Amino acid sequence: METIMPFLKAFVVGGLICCVGQALIMNTKLTNARILVLFVVSGVFLTALGLYKPLVDFAGAGATVPLTGFGYSLAMGAIEGVNRYGLIGAFVGGVTRTAAGITAAVVFGLINALLFKPHMKT
Amino acid sequence: MSRQPYTAGQYQHLVSRVTPSSRMLVGYVRAFWVGGAICALGQLISAWAETLKLGEVTNPMFTTSVLILIGTTLTGLGVYDRIGKYAGAGSAIPVTGFANSVAAPAIEFQREGAITGVGARLFTLAGPVLAYGIASSVLVGVIYWALRGWLL
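Residue numbers (this note's numbering), protein chains in the order written: chain L, 1 to 122; chain D, 1 to 152.
Among the hints, a few may not be true.
Below, in silico cross-link-like pairs of lysine to aspartate or glutamate (EDC-like), each with a Cα-Cα straight-line distance of 16 Å or less [said to hold, decoys possible]:
hint : chain 1 : residue 1 : chain 2 : residue 2
1    : L       : 117       : D       : 108
2    : L       : 53        : L       : 80
3    : L       : 9         : L       : 57
4    : L       : 117       : D       : 81
5    : L       : 53        : D       : 56
6    : L       : 117       : D       : 112
It should be emphasised that the hints constitute simulated quantities derived from the structure, not laboratory data.
All figures in this text were calculated on a predicted structure; none of them were measured in a lab.
Using the sequences and the hints given, assemble the complete structure.
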């Protein structure tokens, strides 16, 4: 049971966060792009208010894998940056902490576009 | 105790009142289990990273990168779009959906060339996400810096 708990927590919390997104898709006219931006920015501010870290501690990947988790990393990074470098750290920390993800998306996206051809839209 | 049968109009009204909510329920269930499954997969990759002796800082970086690799590859294979049609936000909100939003337009606009096609279109959706995400993190950092200066 103890080995399964982290996965169960990640599943339930991650699933619930996605349901918030689903509610926005079905009940509002927000485009996908707006919803993604909203999630990342919400993650940043929820983290700044100290509300998101407890969720990360509880649910692990259930809180870090959704895009709010990207915002969490950005905000935590910015705060760490300020602690380390002062004011300029606010410009350093966010991207430092998310560098792996951003770079992976760009590099794998690029390789992907070289390897695959467009699929027919049905 | 005979019950008045519904007239056609009443029946239509009843159907239209009940149907959307059940369709919405299906939407939530699909988003929940697919989104949850992707997060559980992330937890699994994180556990794998632990066995590879990755630390507290590098573990989430590794986990995110592997999920993004999975997301872009499934996009290239044309699988992620199909998952997206089924799961809605369940596949759009996890970081794999972010990877999909980077990879999909880059593939689609290949014939516009390597620069203005692939290179620029990588950021069709990632651009706004990064712009507002980074800007708000800087705002948070600056406010934190200012408050810290006052409080300490």
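Check: Of the hints stated earlier, which fail here?
Finding: none
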